[in-house]
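K.L.:
So the sequence lines, in the order shown, correspond to chains A and B. In this text, residue positions in the first sequence follow my numbering: the first is 1, and each later residue adds one. In this text, residue positions in the second sequence follow my numbering: the first is 1, and each later residue adds one.
Calculated from the structure, these hints are not laboratory results. Hints should not be assumed to be uniformly reliable.
What the hints assert, rightly or not - With a cut-off of at most 35 angstroms between alpha-carbon atoms, the simulated DSBU-like pairs for lysine-lysine come out as follows: (1) A:K110 <-> B:K195; (2) B:K147 <-> B:K86; (3) A:K52 <-> B:K147; (4) A:K110 <-> B:K86; (5) A:K130 <-> B:K147; (6) B:K186 <-> B:K86.
Claimed, not checked - Label pairs and their computed distance ranges (CB to CB): (7) B:V16 <-> A:P178: 55 to 65 angstroms; (8) A:N39 <-> B:L154: 37 to 47 angstroms; (9) A:Q96 <-> B:R185: 35 to 45 angstroms; (10) A:D143 <-> B:G136: 52 to 62 angstroms; (11) B:V188 <-> A:E69: 30 to 40 angstroms; (12) A:E148 <-> B:G183: 33 to 43 angstroms; (13) A:P202 <-> B:P221: 46 to 56 angstroms.
Stated by the list, open to error - Facing chain B, from chain A, some residues (calculated, C-beta under 10 angstroms): (14) E11; (15) R23; (16) F24; (17) N28; (18) S35; (19) G43; (20) N44; (21) Y46; (22) D53; (23) T116; (24) I144; (25) R147; (26) P178; (27) H180; (28) Q182.
Glycine included, every Cβ here is placed at the ideal spot set by N, Cα and C.
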Amino acid sequence: MAKKAPRRTAERILEVTLELFNRFGEPNVSTTLISAELNISPGNLYYHYPAKDELINSLFDRYERSLSELLNASDNVRDVEDAWFFMHTLFELIWQYRFLYRDLNDLLSKNRRLETHFQWVLKNKTRAVKALLDGMSRAGSIDIDSREVEATATSMVVVLTYWLSYEYVRDPRHALEPEHAQVALMRGAHHVLNLLMPYLEPGQRQHLLTLVTAYDQGNA
Amino acid sequence: MAWTSTFFSNAYPFDVESVVRHWCRLHACDAEPLPTQDAVLEAWALFHCGDFRRAFESGLGLGSAGTTVAIKASCIYANYLEPTEKERLVLFLEAAERARTQAAQEPHNPAAWYWQAYALGRYSQGVSVARALAEGLGQRIRHALEKTIELQPLHGDAHIALGAFHAEVIDKVGPLIGRMTYGARKDVGLAMYRKALELNPDSAMARLEYARGLIMLEGNPDNPAATRLYQQAASIEPMDAKEMLDRDLALAELKD
């Protein structure tokens, strides 16, 4: 009779690898470091993940799944309050997998799966942001010319995608450490939504400024 | 040469006499014939003790009679103990090349074919199974394993490796392309694992690989059959250092 499912080693390996990748950057983490951190033999690590690329792929698959679920929620955004919450949640997910964004170009050049799937990630983000703009437009929160939607959505996706790189360049030694998460995510959400300012209905515009001020005071 | 980590287990102090006495059980996995030269047996004693580096060096110094022990020692070291991914792949490529040369010189030696397949298979897993298949390594691995079994139908480890070949291909390219392009089939893969266990019922490695194959083929990491296999593998008393490494791997699976 089988006892409780024991398949925890593979899961533990993924959790620790994600933590190490996020902390030091994927190029700086070897399989030697991962097995040492887990206190398991190299053979045990290779048994589950015979290559570092498999670890990257497994973590990326998880990110892609969670992202896909979250992006589908953009249809329900009606006003600034919803958009603020949506962007913040999105940034939180990106933060959980920040190693992907920290060394994005390097990863894309050496991992075929990421090379192809990240294009899908960008498309999916753009589609979700357009749905968000559409929802806010229909609810009367923004007034945007349909010819400006594509460019605005693209700009928002660029800021969304590269915000953490910007934070990293500003302060490479501390920006991606956990204690800076809250500030970095808030700033990111603020700057993405700031791109909506020219289109926001006056009440909504005021509400966004209030949210930003509240956040600034909270972090003063 | 890499070998950044050395390993020696005092738990298995084999010498020529004890290696000869336990040869059948120690080599139930590969049906390797008992060597006739003492020097070769000494290299095997080093291998079964777990002194893989010295087993490798001794084997290499013995000419063709020591090639198999040398290749096996380097492959087992690379698979279980080498901490650096890059060095590990170099060791597998070197082993595959030595085995290829050995197979050219001794085409009727099953070990030459088996270790060629093992080293290339582990190398492929390490670089990306999909890429290795695209480069044609899949056919070479499969051919070498089928040749091993044709020459030595009692080769349990070759059956495990062939099972793993079917499972890996299906896992990485899917059942349809796997079957059409590489002839990989789930039922054949599972039958290979079962045959390996029939041939070598005391094999922890057969159970570890069978469990991994089941998880790949059936997609459920909590597969109860896999759990049972890990439990069985953990309860098998190891006969030598390599078997101890397998047992420890199974124990690690059950630890959490």
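K.L.:
Are the hints correct? Go through all of them and say.
P.N.:
Hint check:
For the hint linking K110 (chain A) to K195 (chain B), the alpha-carbon distance of about 39 angstroms lies beyond 35 angstroms, and the restraint is violated. Proximity of K147 (chain B) to K86 (chain B) is assessed by CA-CA distance (about 29 angstroms); at most 35 angstroms being required, the pair is judged to hold. The suggested pairing of K52 (chain A) with K147 (chain B) holds, with an alpha-carbon distance near 31 angstroms, which does not exceed 35 angstroms. Restraint check for K110 (chain A) and K86 (chain B): the C-alpha separation of about 15 angstroms stays at or below 35 angstroms, so the hint holds.
With a CA separation close to 58 angstroms, the supplied pair K130 (chain A) and K147 (chain B) exceeds the 35 angstroms bound. Distance check on the hinted pair: K186 (chain B) and K86 (chain B) sit about 31 angstroms apart at the alpha-carbon level, within 35 angstroms; holds. At about 58 angstroms, the beta-carbon gap between V16 (chain B) and P178 (chain A) stays in the expected band of 55 to 65 angstroms. In this structure the supplied range 37 to 47 angstroms holds for N39 (chain A) paired with L154 (chain B), their Cβ-Cβ distance being about 38 angstroms.
Between Q96 (chain A) and R185 (chain B) the Cβ separation comes to about 39 angstroms, which falls inside the hinted range of 35 to 45 angstroms. A hinted range of 52 to 62 angstroms for the beta carbons of D143 (chain A) and G136 (chain B) is consistent with their spacing of about 60 angstroms. At about 37 angstroms, the beta-carbon gap between V188 (chain B) and E69 (chain A) stays in the expected band of 30 to 40 angstroms. A hinted range of 33 to 43 angstroms for the beta carbons of E148 (chain A) and G183 (chain B) is inconsistent with their spacing of about 55 angstroms.
Distance hint for P202 (chain A) and P221 (chain B): a CB-CB separation of about 54 angstroms, consistent with the stated range 46 to 56 angstroms. A distance limit of 10 angstroms between C-beta atoms decides the matter here; for E11 (chain A) the minimum to chain B is near 8 angstroms, and the interface restraint holds. Because the smallest distance between the Cβ of R23 (chain A) and any Cβ of chain B comes to about 19 angstroms, over 10 angstroms, the interface hint for this residue is violated. At its closest, the beta carbon of F24 (chain A) sits 16 angstroms from a beta carbon of chain B; the interface hint therefore is violated under the 10 angstroms criterion.
With 10 angstroms as the threshold, the beta carbon of N28 (chain A) stays out of range of chain B, its nearest partner Cβ sitting at about 14 angstroms, so the hint is violated. About 7 angstroms separates the beta-carbon of S35 (chain A) from the nearest beta-carbon of chain B, less than 10 angstroms, and the hint is met. Residue-level restraint check for G43 (chain A) holds (minimum Cβ-Cβ distance to chain B is 3 angstroms; threshold 10 angstroms). Hint on N44 (chain A) holds. Least Cβ distance to chain B is approximately 5 angstroms, under the 10 angstroms limit.
The beta carbon of Y46 (chain A) comes within 7 angstroms of a beta carbon in chain B, closer than 10 angstroms, and the hint placing it at the interface holds. For D53 (chain A), the interface hint holds, since its Cβ comes within 10 angstroms of a Cβ in chain B; the closest pair sits about 6 angstroms apart. Taking 10 angstroms as the C-beta cut-off, the interface hint given for T116 (chain A) is violated, the closest approach to chain B being about 12 angstroms. Hint status for I144 (chain A) relative to chain B: violated, with the closest Cβ pair at about 43 angstroms, above 10 angstroms.
Hint status for R147 (chain A): violated, given a least beta-carbon distance of 43 angstroms to chain B, over 10 angstroms. A hinted interface residue such as P178 (chain A) counts as satisfied when its beta carbon comes closer than 10 angstroms to some beta carbon of chain B; here the least separation is about 25 angstroms, so the hint is violated. Checking H180 (chain A) against chain B by beta carbon gives a least distance of about 31 angstroms; that is not within 10 angstroms, so the hint is violated. Checking Q182 (chain A) against chain B: minimum C-beta separation of about 32 angstroms lies over 10 angstroms; hint violated.
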